[in-house]
Amino acid sequence: MENILVCPESKFNKLNNHLLQNEKEQIAFLLCSISKRPNQTRLLCKELIKAGPSHLAYNSESGAALKNGFFRKILKRSKQESLSLIICHSHPFSDHEACFSMIDEACDQKMASYISKKIPGPLFGTMVVAGSGNFQTRIYDKAAEKMVAIDQVWIIGRNISKYPEKSKEYDYQPFIRQVLLFGCSGQDKLADTTIAIVGLGGIGSLVAEMVCRLGVGKLIAIDFDVVEACNLNRLVGATPTDVGRAKVEVFKTHAERYSETQIEAICESVLHPSLIERIKEAQVIFCCVDKQAPRFFLNDVAVKYSIPLIDLATGVVTEKGYVEAGGQVRIVVPDGFCLSCIDGIDRNEVIQELLTEEDIQMRAGAGYIQGESFPAPSVISLNGVIASLGVTEFINLVCGIRKANTFVAYDMISNQVLSQTLKAKRNKKCLTCHEKGIRAMGDLIPFPNLFDDKTPNNIPDIAMGQEYGGGQDGRSF
Amino acid sequence: MKREWIRAEAYLLTRRFRQVEFDPDDYLWVHIRDFDLPPGFNKRQSGLLIELDATYPFTAPKNCFIDRDIRTSSGESIDHYFPESSQNKFFSKGWAWLSLHIDNWKPNANIIGGDNLLRFCDILYLTLEGLTKQRKEG
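Heads up: the sequence lines are chains A and B, in that order. Our numbering numbers the first residue of the first sequence as 1 and each following residue consecutively. Our numbering numbers the first residue of the second sequence as 1 and each following residue consecutively.
Pulled out of the complex, with its shape left as it was, chain A reads as follows:
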């Protein structure tokens, strides 16, 4: 079982600033939710609580202790909200690698054993930060009844930093020309990254081609659709003989001829309830869909599980000789905006895409839906620009060449690429990502079922002259 701590960069910086504010030891807490899979547990840092002078019984250069009341309050929250707890403290005197002292060793084990009995659900861990900024983190393994090191800490901002970095025996030869730019460490980071691409169409198949050639470790490709003849102008790896085959399978067959990337092809709608368990494995998600309901869902996944989401889209309008064409790359990271903050999801389209058969019949009967909808124009060169811009920002996010731009727009007519990163801001009142919403809530909140949205069968029957008052049909005030 691998344990990972995922922390937004802003929280991690605030934690460090608090713990290393002076030469005295300081204490802080990270409250975390959990994202659990069979072989991995991610602790998603949701809140940082700093112990101020009034919360400390004492603190000196060689030790610090909390007042009982304050610690009890934190434990109570952990229990009530099922949030895991990581107690962090500093060793400001140490300018080398951080290590737990003998006192830490003795106290942590005892405290962890006690807390895990009192609060059985959430996990309990500790962190020590040295004056050098180096840190160690560990967690209580309930089965083994001992503290074990957390395998990796991911600090996610406009770059993803992992500590400690992993490197493996690796044949750099196929990547040697890009290693000249990223360095071996950049290549190692790519090889240690699992990504999910949702939508393997015109943009998604180009993104998939690029990430496989870059040498990412694992690609989870999700698309329910099959290849049609009209896709062949833009679908990477598809030939006329592939018409009728699943897009994800076609891409997998194509990429396995040249790539070492492990590819998992999933031919299913991303809205299928079982798929969240697969998507949770990703460290970066590419949203390459042309529908709004999956975009809404993936935005929720990104916010809830602190997984960076790279949303790619193109748009072409042709009317009476007038042409407008372009696209955009928008990146949702834990510290930044989500798509809902910037009105980046068409809410009415979400409703339309999720209509039940009965709703569609009702609208058609009333004359609101007429005939077939026309497909939008789609050209490989425009898709290629947007896919390239998106993958470039992915490289920046993972390899850290520079900070990723979280909003890039491309206008095909004026041939301009504009970074809108500074203009796109997080909305603190955003319904989706505000602090008390689903942000970093992990497995604590289930997703609504968008796959088979149903018509309720328990609505009040006024034809039968139903008496009011809740009763069998409804809860009333």
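Where hints are given, some of them may not hold.
Stated by the list, open to error - With a straight-line cut-off of 20 Å between C-alpha atoms, the simulated DMTMM-like cross-links for lysine to aspartate or glutamate are: (1) B:K106 - A:E353; (2) B:K93 - B:D67; (3) A:K162 - A:E145; (4) B:K93 - A:D461.
By construction, these hints were calculated from the structure, which means they are not laboratory data. On a predicted model such as this, the values are computed, not experimentally measured, just so you know.
With chain A held as given, fit chain B onto it using these hints.
Just chain B now, kept in the frame of chain A:
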């Protein structure tokens, strides 16, 4: 989370309406029994059933239904109102579908700070008021 939201919204609705109930299972509808109709209709009040998607409150309510015998006070039918069975999935339960398209639905982390069901009721009232005026002017 949706459960708490709908409960809070229903509670908010009780500040204006006396009789409010909601779907206790999946939180897919809210029923107001005493929705005031604007002047110009054959009734003073109607029942109002608001159907919510799984994506609510991110998206606006999906459908709304009112009593099946609503007409203008001069006896004319109203636009976008479908009491017939072929255009109305809750016909058998006595409801008529009123098609109401809402643009710019902007909910907020704070229920009363953004669009909500109370505001939806305001929009519905204004829409119905507009429909009777259209009839008069027409």
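Given the hint that B:K106 pairs with A:E353, does the C-alpha gap stay at or below 20 Å?
-> Holds. B:K106 to A:E353 sits at ~19 Å (cutoff 20 Å).
Pair hint outcome, A:K162 versus A:E145 [Cα-Cα no greater than 20 Å] = 27 Å, violated
Holds or violated: are the alpha carbons of B:K93 and B:D67 at most 20 Å from each other?
-> Answer holds: B:K93 to B:D67 is near 10 Å, not above 20 Å.
When you check the alpha-carbon spacing of B:K93 and A:D461, does it fall within 20 Å?
-> 4 Å, holds
Checked against the numbered hints given earlier, this structure breaks only hint 3.
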